[in-house]
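Please construct the entire structure, taking both the sequences and the accompanying hints into account.
In order, the protein sequences belong to chains V and P.
For my numbering, add 151 to where a residue sits in the first sequence, where the first one is 1.
For my numbering, add 151 to where a residue sits in the second sequence, where the first one is 1.
Everything labelled a hint here was simulated from the structure, so no lab data went into it.
Fair warning: this is a prediction, and the values are worked out from it, not measured in the lab.
Ideal Cβ placement from N, Cα and C applies to all residues, glycine included.
Some hints could be false.
[Stated by the list, open to error] In the EDC-like style, the derived pairs of lysine to aspartate or glutamate whose C-alpha atoms are separated by at most 20 Å in a straight line are:
#1 P:K196 to V:D319
#2 V:K339 to P:D155
#3 V:K170 to V:D155
[What the hints assert, rightly or not] To be clear about the criterion: a stretch of chain P counts as covered by chain V if any three or more of its residues have a C-beta under 8 Å from a C-beta of chain V, and this derived list gives those stretches:
#4 182–195
#5 297–311
#6 330–340
2 protein chains.
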Amino acid sequence: MPRDNCYIALLHYPVYNKKGIIVTTAVTNMDIHDISRAARTYGVKRFYIITPFEEQKRFVERILRHWQKGYGASYNPLRKQALDITDVKNTLDDAVADIANETGGAKVNLVITGASVKGTFTKYAELKHAIAESNEAYLLLFGTGWGIARDVVTTADVVLEPIHGLSDYNHLSVRSAVSIILDRLFGKR
Amino acid sequence: MPRDNCYIALLHYPVYNKKGIIVTTAVTNMDIHDISRAARTYGVKRFYIITPFEEQKRFVERILRHWQKGYGASYNPLRKQALDITDVKNTLDDAVADIANETGGAKVNLVITGASVKGTFTKYAELKHAIAESNEAYLLLFGTGWGIARDVVTTADVVLEPIHGLSDYNHLSVRSAVSIILDRLFGKR
Numbered sequence: 152m153p154r155d156n157c158y159i160a161l162l163h164y165p166v167y168n169k170k171g172i173i174v175t176t177a178v179t180n181m182d183i184h185d186i187s188r189a190a191r192t193y194g195v196k197r198f199y200i201i202t203p204f205e206e207q208k209r210f211v212e213r214i215l216r217h218w219q220k221g222y223g224a225s226y227n228p229l230r231k232q233a234l235d236i237t238d239v240k241n242t243l244d245d246a247v248a249d250i251a252n253e254t255g256g257a258k259v260n261l262v263i264t265g266a267s268v269k270g271t272f273t274k275y276a277e278l279k280h281a282i283a284e285s286n287e288a289y290l291l292l293f294g295t296g297w298g299i300a301r302d303v304v305t306t307a308d309v310v311l312e313p314i315h316g317l318s319d320y321n322h323l324s325v326r327s328a329v330s331i332i333l334d335r336l337f338g339k340r
Numbered sequence: 152m153p154r155d156n157c158y159i160a161l162l163h164y165p166v167y168n169k170k171g172i173i174v175t176t177a178v179t180n181m182d183i184h185d186i187s188r189a190a191r192t193y194g195v196k197r198f199y200i201i202t203p204f205e206e207q208k209r210f211v212e213r214i215l216r217h218w219q220k221g222y223g224a225s226y227n228p229l230r231k232q233a234l235d236i237t238d239v240k241n242t243l244d245d246a247v248a249d250i251a252n253e254t255g256g257a258k259v260n261l262v263i264t265g266a267s268v269k270g271t272f273t274k275y276a277e278l279k280h281a282i283a284e285s286n287e288a289y290l291l292l293f294g295t296g297w298g299i300a301r302d303v304v305t306t307a308d309v310v311l312e313p314i315h316g317l318s319d320y321n322h323l324s325v326r327s328a329v330s331i332i333l334d335r336l337f338g339k340r
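See the structure below:
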């Protein structure tokens, strides 16, 4: 069952700020749209936005409602299709529990992404193969701010190789990173 | 001289709106940042934002100045490095003339991208090879709104194969499309 087992999440807490302090970042409208569209294009099962703040969750829910059921759904049905796979959760654990529930208890492999993560990296071809062959679920986690907190990184089942361009510069937006990683894993060419 | 010969441009006129009428779209702050960062990561020589509207050009110039020379340059030097390659031009012809001037008169090959373009497509591997081997310049053109006007498409030297994900859905943001195409052409893995 190709890619019926692949999920992604955008983490707003716990992540680092510029000074290396753990904070909650704000959800942005552009992240919701761009990442939903990329996820839908590459056949991702569900895209979780993770924030513990009630006000932020209500902000996300209001946007999702507009495009899933409100005026946006008839104005732009293609956007509805993208945002239909998007959901908001309190914590990473809640997202993992949701996947386990949806898959009837499959193991959820946590895949950490990031430009500056440390660890033993898994190559794209290897992860692609694992996702295609496995009956387990895979959750690709993307950070905001200055990256995913170490306490989360250490719980990874897989640490994905960082993206390298062709310069010494490697500071993509999270929207770009999600798009590139999904294309490397699932793009047809 | 690998990639010293690769340029990208984001076209705000002439492009289609939802009804197929030719319009000028608004420049967005997120496009400037995300696309500059991706361009810098993948070694693109220059990123042109193309709009004929004086007010829009001043908006872009104000943002560029803030990050290239203003408070932004010291607050976030990495962002400065990205936005240093970004420029704004009146027309596509002006961008082409700028490249010809910078390269000492090299031929500028116009590469059209887009999800719904028609024509004889060039594959990524083929374009990658051409850029690596050629002394000519290559300008990858990305549309906004509902796509690049036909009058521009017909002047293409190359029409690049559209991106295919793994679903029937193919509606990426232009920020995602730029990131994925640069990764397919120049990403190291």
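Check your understanding: What are the numbers of the hints the structure violates, in ascending order?
Key -> 2, 3, 5
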